[in-house]
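*Asks:* Here are the chains, one letter per residue:
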Amino acid sequence: MQNDLNKYRMNVSRRKFLTGAGLGLGTIGLGSLLVPGIFNKGGADENALPLGLPHFAPKAKRVIYLFQNGAPSQLESFDYKPLLTKMQGKDLPAEIRMGQRLTGMTSNYTKFPLVGSKFAFSQHGQAGAWISELFPNIAKIADDICIVKTVHTDAINHDPALTFFQTGAQQGNRPSMGSWLSYGLGSENKNLPSFCVLLSKGKGNGQGVYSKLWSNGFLDSSHQGVVFSSGEDPVLYLKNPDGQDKLSRRSMLDHIGQLNEMAYEQFGDPEIAKKIQQYEMAYRMQTAVPELTDITREPDHIIRLYGADALVPGSFAANCLLARKLSESGVRFVQLYHQGWDQHGNLVGEMPMQAKDVDRASAGLITDLKQRGLLDETLVIWGGEFGRTNYSQGMITKDNYGRDHHPRCFSIWMAGGGIKPGIVYGETDEFGYNIVKDPVSVHDLHATLLHLLGLNHEQLTYKHLGRRYRLTDIEGQLIEGLMA
Amino acid sequence: VYTFIKRTVPPPALLVFDASNRDQCEVVRSKTSTPLQALVMLNDPQVLEASRVLAEKFVADKRSDKEKLGDIFRLIVCRRPDSKELTLLENYLVKERQEFAKNPQRAAGFITAGEFRKNEILDKTETAAYMQLIHTIFNLDESGNKY
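As they're listed, the protein sequences go chains A and B.
According to the numbering used here, the first sequence holds residues 2 to 485 in order.
According to the numbering used here, the second sequence holds residues 84 to 230 in order.
No lab work stands behind these hints: they were computed from the structure.
Every residue, glycine too, gets a C-beta built ideally from N, C-alpha and C.
Careful: at least some of the hints might be erroneous.
[Unchecked claim] With a straight-line cut-off of 25 Å between C-alpha atoms, the simulated BS3-like cross-links for lysine-lysine are:
#1 Lys140/B with Lys185/B
#2 Lys229/B with Lys247/A
#3 Lys438/A with Lys421/A
#4 Lys87/A with Lys399/A
#5 Lys89/B with Lys204/A
#6 Lys149/B with Lys275/A
#7 Lys202/A with Lys213/A
#8 Lys240/A with Lys207/B
#9 Lys89/B with Lys202/A
#10 Lys399/A with Lys119/A
#11 Lys247/A with Lys207/B
#12 Lys114/B with Lys191/A
#13 Lys204/A with Lys399/A
#14 Lys114/B with Lys464/A
#15 Lys213/A with Lys145/B
#16 Lys204/A with Lys357/A
#17 Lys140/B with Lys207/B
#18 Lys464/A with Lys438/A
#19 Lys140/B with Lys201/B
#20 Lys89/B with Lys213/A
#21 Lys275/A with Lys114/B
#22 Lys213/A with Lys60/A
#23 Lys247/A with Lys178/B
#24 Lys167/B with Lys145/B
#25 Lys275/A with Lys167/B
#26 Lys201/B with Lys240/A
#27 Lys247/A with Lys62/A
#28 Lys185/B with Lys240/A
[As the list claims (entries may be wrong)] Stretches of chain B that chain A covers, calculated by requiring three or more beta carbons in the stretch to come under 8 Å of a beta carbon on chain A:
#29 119-128
#30 133-140
#31 144-155
#32 196-203
Next comes chain A alone, as it looks inside the complex:
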């Protein structure tokens, strides 16, 4: 009953706000930008911090997450294990495996033949980071990035692992990282969504991505990720139809707004107010997005930085360039997914193609951000949802092998936004199977990420179904060693 009364009260004040806003509906956006929680149905918590303001001074303002979907092998990228080559074909000792559960694909195996990287490693940068020959451009920026070799996760299959990484829970229905940030920090640019998603596909064995990964979960729907299309036009239907111009559109939107307000008075559904906001955002995007996505204005030396693929719409390189432009324009969280990293077999055939797709553009993005002075305030993360086993799935042939899913340790790298540059963090054992020093859980990573953005992960909460939820659920430790 009290809750219903509160809801009604919230709605009354919001209606006043809507009416007061009159035709200048843009101010509605401003209101929720200052206090995004103000209209939340049932989630109003008077003790909550005024959201839209960080808890303390942030190091990073924005995030670009280059998600390598399918889980690239750490053993062919950033975690050099010569012992595996020496012990090629020998069985993984049981005392190393320690009863680690297996996926359905290898659970009937009686032998686990170790296999070393087919690709050569060499050391790079001041920390002497071992990086494989598959990533020559990332190797060149070794001093700008922080390689974390000891990330571990709870999940062993793609969908739960991916969902866990994005939302802090394996089951789905929770808000995605980008939604939490949009909720916690609001928007920097009222003409663009604060959480954008860009998808690309490599030629390797792929795994799907689903809208639940960028879902707002129980948060307000204005925080959900907006997926750009992978085609020629990243946002569809931006152009006004024949016979419509900015003025006639403005008038149309004002009339839609007024009629929606009348409907709101009758039904009281807060989603109607959201709809008004989304229409206003669409109207502003019509002007903002074409400028932003027009890469013909990018000079040649920038295109070269990302590689020729930057001119191919929907490629990872094009998405990296677009990500920089979105981020530069104030989009809080740009989430990329590059599919095709699931090398159960034919690793030697597929991994070079996948690496070629992303190596140059990933490094190009870091260099580009750096030369624009944006790297300091932009946190870039590169990595997959888990690692891959040190033993081969399927037969080891003269030229080929495969690797199954491995949750106990894997490598990611981060750069900019308050991350310590030029270091390698954590150590795994000689077998590349277990962590021996400085483990980093997914929750730890989330906590650290939020911290860099000026948010205390224990205070960024939202009350839903009777309890307060966090991105880090009930876990997460700051990893001081990663922070500059």
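For chain A, the structure is supplied; the task is to place chain B on it using the hints.
*Replies:* Same frame as chain A, but now just chain B:
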């Protein structure tokens, strides 16, 4: 309404409304509200064509604006507009009629939407004005959500 679905390239407008990408079964469609959905409703030729064809039907109808707008609203929203809503729509129609009369080129361009055969005898200004009103009503929250 029927549309072709290619296995690997689902219709983009439907994807914007979270249609399944058909690589896995989807038990429940998630509820979303994004600016991209607004863009589809505002600029997709399919919505414009529907508005144009419905407009042609009502321009040929010789009853008063009030009666016609009431019927249009009911066809799309499934209830009659109240007097406040009807007044707003009537005023908007008058305004749009004037605007399109001042700018016949704009009117002629607007009513080219879609492939459905055009009714060439009708007054272009009148068709464009009604089309504008119908397109507006299609874009109301209540036209897509039922209470």
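*Asks:* For every hint, state whether the structure bears it out.
*Replies:* Comparing the hints with the structure gives:
no. : hint                   : in the structure
1   : Lys140/B with Lys185/B : holds, 23 Å
2   : Lys229/B with Lys247/A : violated, 30 Å
3   : Lys438/A with Lys421/A : holds, 18 Å
4   : Lys87/A with Lys399/A  : holds, 15 Å
5   : Lys89/B with Lys204/A  : holds, 20 Å
6   : Lys149/B with Lys275/A : violated, 30 Å
7   : Lys202/A with Lys213/A : holds, 18 Å
8   : Lys240/A with Lys207/B : holds, 22 Å
9   : Lys89/B with Lys202/A  : holds, 18 Å
10  : Lys399/A with Lys119/A : holds, 10 Å
11  : Lys247/A with Lys207/B : holds, 21 Å
12  : Lys114/B with Lys191/A : holds, 23 Å
13  : Lys204/A with Lys399/A : holds, 23 Å
14  : Lys114/B with Lys464/A : holds, 20 Å
15  : Lys213/A with Lys145/B : violated, 50 Å
16  : Lys204/A with Lys357/A : holds, 11 Å
17  : Lys140/B with Lys207/B : holds, 13 Å
18  : Lys464/A with Lys438/A : violated, 36 Å
19  : Lys140/B with Lys201/B : holds, 11 Å
20  : Lys89/B with Lys213/A  : holds, 23 Å
21  : Lys275/A with Lys114/B : holds, 13 Å
22  : Lys213/A with Lys60/A  : violated, 29 Å
23  : Lys247/A with Lys178/B : holds, 16 Å
24  : Lys167/B with Lys145/B : holds, 23 Å
25  : Lys275/A with Lys167/B : holds, 23 Å
26  : Lys201/B with Lys240/A : holds, 23 Å
27  : Lys247/A with Lys62/A  : violated, 32 Å
28  : Lys185/B with Lys240/A : holds, 23 Å
29  : 119-128                : holds (count 9)
30  : 133-140                : violated (count 0)
31  : 144-155                : violated (count 0)
32  : 196-203                : violated (count 1)
Violated hints, listed in ascending order, are 2, 6, 15, 18, 22, 27, 30, 31, 32; each of the other numbered hints is respected by the structure.
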